[in-house]
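**Student:** Fit chain F to the known structure of chain S by using the hints.
Number of protein chains: 2
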Amino acid sequence: MYYYQALQRNATRLGNTIGTSFGDQEHTWKEVENRVARLASALVKLGINKQAHVAILAMNSDKYFEYYNAIPWAGSVVVPLNIRWSLQENIYSLKDSQSSVLFVDDTFLPMAKALIASCDKIKFVIYMGDKETPEGMFNYEQLLKDSTPMTPSKGSYDDLAGIFYTGGTTGFPKGVMLSHANLWTSAISVVAEMGLNKPDDRYLHAAPMFHLADVGVSYAMVMGGMTQVFIPFFEPTSVIAIIEKKKINHTLLVPTMITMMLATPAINEANFSSLKSLVYGASPMPHGTLIAAMEKMPTVGFMQAYGQSEMSPLISILTADYHVLEGPKAGKLRSAGRPGYCVNVEIRDAVGNTLPTGEVGEIAVLGPNSMMGYWNDHEQTAKTVIDGWIMTGDAGYVDEDGFIFLVDRVKDMIVTGGENVFSAEVENALSHHAAIQESVVIAIPSEQWGEAVHAIIRVNENQTTTKESVIDHCREHIAGYKIPHSIEFRTEPFPMTGAGKIRKVELRAPYWENQQRAIS
Amino acid sequence: MYYYQALQRNATRLGNTIGTSFGDQEHTWKEVENRVARLASALVKLGINKQAHVAILAMNSDKYFEYYNAIPWAGSVVVPLNIRWSLQENIYSLKDSQSSVLFVDDTFLPMAKALIASCDKIKFVIYMGDKETPEGMFNYEQLLKDSTPMTPSKGSYDDLAGIFYTGGTTGFPKGVMLSHANLWTSAISVVAEMGLNKPDDRYLHAAPMFHLADVGVSYAMVMGGMTQVFIPFFEPTSVIAIIEKKKINHTLLVPTMITMMLATPAINEANFSSLKSLVYGASPMPHGTLIAAMEKMPTVGFMQAYGQSEMSPLISILTADYHVLEGPKAGKLRSAGRPGYCVNVEIRDAVGNTLPTGEVGEIAVLGPNSMMGYWNDHEQTAKTVIDGWIMTGDAGYVDEDGFIFLVDRVKDMIVTGGENVFSAEVENALSHHAAIQESVVIAIPSEQWGEAVHAIIRVNENQTTTKESVIDHCREHIAGYKIPHSIEFRTEPFPMTGAGKIRKVELRAPYWENQQRAIS
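For the protein sequence lines, the chains are S and F, in the order given. Under the numbering used here, residue 520 is the last one in the first sequence; the count climbs by one each step, no gaps. Under the numbering used here, residue 520 is the last one in the second sequence; the count climbs by one each step, no gaps.
Be aware that one or more of the hints could be misleading.
[Unchecked claim] Here are a few chain S residues that face chain F, going by a calculated C-beta distance under 8 angstroms:
1. R13
2. M223
3. N268
4. E269
5. C342
6. P368
[Unchecked claim] Coverage of chain S stretches by chain F, computed from C-beta distances (three or more under 8 angstroms per stretch; other residues unrestricted):
7. 36-43
8. 116-130
[Claimed, not checked] Result set (SDA-like, lysine to any residue): computed pairs, CA atoms no more than 20 angstroms apart in a straight line:
9. K154/S <-> D200/F
10. K332/S <-> L366/F
11. K198/F <-> D321/S
Calculated from the structure, these hints are not laboratory results. Glycine included, every Cβ here is placed at the ideal spot set by N, Cα and C.
Same shape as in the complex, but just chain S (with noise of 0.2 angstroms):
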């Protein structure tokens, strides 16, 4: 259960058969095993320590791949610095997380040169690019024609196998520590619930391959035998037509890319046929986009995968099943699914009582792969391990047939005239109304209330509603408390974190400038 160890099973009983695609560049599972082992080989030679960090800055790509298996083969740490960060955020995980190597592609170089410049424990670059090796670099393909494979490193299965920094919706960056036992026993989880063992299949990676997200499937991927697709980041005309190209089998799409799908005029003549599964999460799926995609794409199989950095990264999976309308199975599509094979789930109040079915309360989460806590961070652990168990900071329920049911996050919820609005009910309602694209819910101070539901609503391309139309639609769909209290219509695009969760508490600052929230 190393990392590594899904690669080398697949080279030995798949060798011959495309392990990465990339462009025109293809390689089989021997070929990349073989570079992985000289990659890892070449870095050894460098000087890096066994269990050294090495950080990554680049978009997606069948190197970036490489990266995340040589690194454990060296007996190292891989640290994925998150591409939609700034400047000030990676310089504060480079530096938190101790990394000694920094891999760099030509997208991030003029970044990078500045990230060096202020993190003096980097020892070397690796260039990753195609153009000519900036100085005091090294070239990624150079250090692998010079190295011969070596024998992968072995150490413990609950060896830290990377840092994962994560929580840029506030405050400063936590770097999540897992280690190779807890990234291995979320994805086992992944392929016995999600069946993915034909490995003819192909899995594009068009979420950002920093993120856990597509860590995870794609790992429960690796160990499927699938062939691993990327695309240098996600576009939504481009993955429309590489799934088509490629005729992909399997995806990960975080809820605002398939929005964007949603909103492409490219939709309407795709060609899906290939797509067996479309995994989403990351963030809460408003319902409508939901109904909207299973109409656009009939026959994909959607399954949603909840889950957090925390997790390594599997909660809960809503299998293919449950995506449907009518029938027995009718009835979850709100919901989260049920617990993942390796994951205990429990609901608990305010004070940590355990909730009985049904009863909304923080969701509480236990498991083989739960995190081994915050890189240099014992205070943010302390708060979010209690008794073991990861505080997830989400608010939810579970059924009595066992299914998750996520009402927001805690910090989200909007406590108005002293009840909870949860400000994704409130969102799903808008989803769907006809002109709205997208919208975030929001609490801002009320002298009445306490706090008052504030919506910020962005409105289809060549469409317009007003607020007495969005009232109307909501009074149909909610009840009065839930009913947003003041309404803003924006064009620009909602701030994004580099998962694709909408930043929430950059769009609430500025209504609290000069007060405290009591949640906060």
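**Tutor:** Then chain F, alone, in the frame of chain S:
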């Protein structure tokens, strides 16, 4: 990944479907969970300590399944005793394990009384039978009636979950210590590889439940949500009948059971239409027997699971798609398949060097399912676990597609005139002879060759053959030096271990009374 979590998960997600079925008695998953939580509670009320060792000596039943879940639920350790062992062997393992509680059914009541008389550490005996409770024992159903469900005990996933005695073929039994994580990683790998995510299916416990072959496969079936069906013990006609009557979809049989089924006239009228997978393992399957079974059951998906108690028990799986005689996947039928998702395999020579593809040596295995060690036996642990790897005692090789081919037990190889003869290869050749039901090939002393190949043969009922016919048959299949030098016919069954393995050491012993074998 506590052992009982798979049951808990089924109680939540499949609560009102049938969990266990034994004769006319059925319990839903919710009922099973409730019974298990009450049994655990009763044991705690009796005063058993956390991590107490709780033995069982019983035929298969739904109560046996409850025992497996209730003991870890209470925080204690299971010690399933071998139903085929003599009183002396079970006294040894009961004493050695330091068990303080014994569960016993009607069949084993007489032996239990003798066991208790010899083992003064036993504090409580739980009577699982339907008759009057013997004096000094607690009644199983009464304990349940008198108690209320407790919440499950929690410790570390690496805590000892069970001690499984093995090694009946030679010397003293060894207590294999397995943790919750050991059992879980093996079982989840079986779920993933066999694609067991269909909770409407039914699994038949036909092999004895004390043995890890059944424990391992059935744990995977519980994870997959399958109803557990029990028969008290294997008997060919009743197994054939129950498969039809209860529409069994999956079962595990050891090769000798399949041999017995093939020799039963009832097989010719049997209806196997419900049976999707027949997992076989625990000892090598003679090639002729496998071909005959595939012919008699053409609609059944045969799967081989190669394992060992020391690996909880998964080492490798030969999936159903490789059980073919033609097409691109043919040619692997004599192999034990490819390593499970969690297992690393190496082939080692006598001094511990790793051998290349295709070369025969001892199979060494490593994984998160590797045992914690032998209970109370550091010497045997040190002999078996070399640098973290488990030495299986099996000789074999890995082909270029990563398939493991077993050639023999290291100790069963015959060294004759400087050549290694694998007894299993000769037995395979004999299995293709029309008149031969079963054979055993062993080394006997030879002045000229050091050791000579000796065959002991059981002929099919109502058939006869001659030594000449057997030797002529062998000449067509194997090289001259592998042909049995001497042949002996036998009508009585071969001596068996509890796992259904033939006790070759017992058959070999009379020939070696005054001599020492070079390999031993």
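**Student:** Compare the structure with each hint and give your call.
**Tutor:** Structure-based check of all given hints:
1. R13: 4 angstroms, holds
2. M223: 6 angstroms, holds
3. N268: 34 angstroms, violated
4. E269: 34 angstroms, violated
5. C342: 6 angstroms, holds
6. P368: With a minimum Cβ separation of about 5 angstroms from chain F (threshold 8 angstroms), the hint on P368/S holds.
7. 36-43: Contact hint for the region 36-43 of chain S vs chain F: violated, 0 residues under 8 angstroms.
8. 116-130: With 0 residues close enough to chain F, the hint is violated.
9. K154/S <-> D200/F: Violated: K154/S and D200/F sit about 41 angstroms apart, past 20 angstroms.
10. K332/S <-> L366/F: 41 angstroms, violated
11. K198/F <-> D321/S: 11 angstroms, holds
The structure does not agree with the numbered hints 3, 4, 7, 8, 9, 10 stated previously, though it agrees with the rest.
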